[in-house]
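Undergrad: Each chain, letter by letter, is given below.
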Amino acid sequence: MGNAAISVKGLKKSYKDKEVLKSVELEVEKGSIFALLGSNGAGKTTIVRILSTLLKQDGGTAIVNGFDVASKPEGVRQSISLTGQFAAVDEILTGRENLIMIAKLRHLANPRQVADDLLKRFGLTDAADRRASTYSGGMRRRLDIAMSLIGKPQLIFLDEPTTGLDPEVRIEAWKVVKELADGGTTVFLTTQYLDEAEQLADRIAILHEGIIIANGTLDDLKKLFPPAKVEYVEKQPSLEDIFLAIIGKKEDK
Amino acid sequence: METVKKHFFSDMGVMLGRSMRHIMRSMDTIITVCFTPIAMMLLFVYVFGGAIQTGTDNYVNYLLPGILLIAIASGISYTAYRLFLDKQRGIIERFHSMPIARSAVLWGHVLTSVVSNVISVVIIILVALIMGFRSSADVLSWLAVVGILVLFTLALTWVAAIVGLTAKSVEGATAFSYPLIFLPFISSAFVPTDSMPTVVRAFAENQPVTSIVEAIRALLSKQPVGSEIWIALAWCFGILIVSYLFAMRAFKRKV
Ligand SMILES: Nc1ncnc2c1ncn2[C@@H]1O[C@H](COP(=O)(O)OP(=O)(O)OP(=O)(O)O)[C@@H](O)[C@H]1O
Ligand SMILES: [Mg+2]
Chain W
1 MGNAAISVKG LKKSYKDKEV LKSVELEVEK GSIFALLGSN GAGKTTIVRI LSTLLKQDGG
61 TAIVNGFDVA SKPEGVRQSI SLTGQFAAVD EILTGRENLI MIAKLRHLAN PRQVADDLLK
121 RFGLTDAADR RASTYSGGMR RRLDIAMSLI GKPQLIFLDE PTTGLDPEVR IEAWKVVKEL
181 ADGGTTVFLT TQYLDEAEQL ADRIAILHEG IIIANGTLDD LKKLFPPAKV EYVEKQPSLE
241 DIFLAIIGKK EDK
Chain U
1 METVKKHFFS DMGVMLGRSM RHIMRSMDTI ITVCFTPIAM MLLFVYVFGG AIQTGTDNYV
61 NYLLPGILLI AIASGISYTA YRLFLDKQRG IIERFHSMPI ARSAVLWGHV LTSVVSNVIS
121 VVIIILVALI MGFRSSADVL SWLAVVGILV LFTLALTWVA AIVGLTAKSV EGATAFSYPL
181 IFLPFISSAF VPTDSMPTVV RAFAENQPVT SIVEAIRALL SKQPVGSEIW IALAWCFGIL
241 IVSYLFAMRA FKRKV
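Here the protein sequences line up with chains W and U, keeping their order.
Each residue of the first sequence is one higher than the one before, starting from 1 at the first, in full-length UniProt numbering.
Each residue of the second sequence is one higher than the one before, starting from 1 at the first, in full-length UniProt numbering.
Each hint can be trusted.
If we take Cβ atoms under 10 Å as the criterion, some of the chain U residues that face chain W in the derived model are: (1) 7; (2) 10; (3) 14; (4) 17; (5) 18; (6) 22; (7) 26; (8) 92; (9) 93; (10) 94; (11) 95; (12) 98; (13) 99; (14) 104.
Dumping the calculated DSBU-like pairs for lysine-lysine here, alpha-carbon to alpha-carbon at most 30 Å: (15) U:5 / W:72; (16) W:16 / U:168; (17) W:56 / U:252; (18) U:252 / U:87.
Simulated from the structure, these hints should not be mistaken for lab results.
Computed from a prediction, not measured in an experiment: that's the story for all the values here.
We put the beta carbon where it would ideally sit given N, CA and C, even for glycine.
Using the sequences and the hints, build the whole thing.
TA: Encoded structure:
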């Protein structure tokens, strides 16, 4: 175990008779950025919900920060923070009130100060006293991520953190993620964007039809790709090519 | 686990603060809740009142307890509504992934329901005073009235919690309160039950609203409360306990 922030073995989950996770295996190293890639409906959110104790698995084990999600959910909750796929902010409260609320729930000594600092860091100071319902999608997402940073959890889940963001805000979000990892926080993110995984992640896993079909560093994954043929121009495979090639291979079988 | 328990009350306080803000920012909900009962009170007192024989000289005094119950029954549908919306939004998932007692979220809603219903009850009593409501009750009787109303609110709030937690649509989450609002009409809230046909009368005299209305009416007019108050309390506690258990079950299943 030692250095693993997350360790998942044989994880299974079905909704009614729809088998979403067949047997998922993965390991995330402490302090790293881990990207889980998968197309729509692959089960990324399902994995995140199980790891963040919102959903019970049908089989297999998942250990998060040394706590079993099934038997020690309280321990898991002490050490994680979740930014769900859909912005989890209270729309009727202002940005500042949202942050103060979470800081109070984390029992921090100075909730107002915490809120002020985060508002500044995420460029929300001007909008701080407006209701979150008046925020743009990007501002809401920034507030959402800011709320997840409160209390400095060891591990942060980001479920499709940049879906629906414009390119500029996206790059900003990437910066935050990198800063987090530099500060020692483990980041588990899901994404449909291959370039996002390529940009951010130390390790990438591809979830397809209920199992992890590839797992490794970007270079590892590149090796899985058939060597570039000598053509007019030699083309380095992008992660997109790799992704499509791997999925294609599976489906050919 | 220990830390979660240790912080239960402070966490619940934060949740209460949150949903009280929601209410304060949508004062229209409180006004809507007060509007119908006040309109009914006006209608019954100034339009039908002359034709209704209650055996009392002050019809507002007779009517008020039933009107208050109607207000509470419509007020709690907003609790179901707010719970339903919360369940649908991502924020509840954030709370549930944090080290806070899950029931703190639910209790925040329940206490908010009590506070907002107390506000509407006070508004309606003020209007009733203008319309000629007078009470000779002493402090102790008033406390008893407040106690019964709070208990009634809690009982219906837990019913609302079941609905809010299990509803599939906003309409479903709010529509359940219509029959509850209707219940006082088939009770002694507006007219004495002796004028009713036997079957209706049998229902009216044995449903919770009648005993609660009679108990409050007796307390407000310094009459002996007799056994009504015990029947009223038994109903309130009964509904409270049963709906609490079902609501908690629905809640555990959802989260
Ligand atoms: N509560 C549920 N009941 C039934 N089926 C569900 C439920 N939640 C998810 N599913 C199904 O499980 C599959 C995986 O869903 P999940 O949300 O985990 O996918 P995802 O990879 O996060 O997709 P997306 O990229 O669209 O967010 C989907 O086919 C979805 O329809
Ligand atoms: Mg998803």
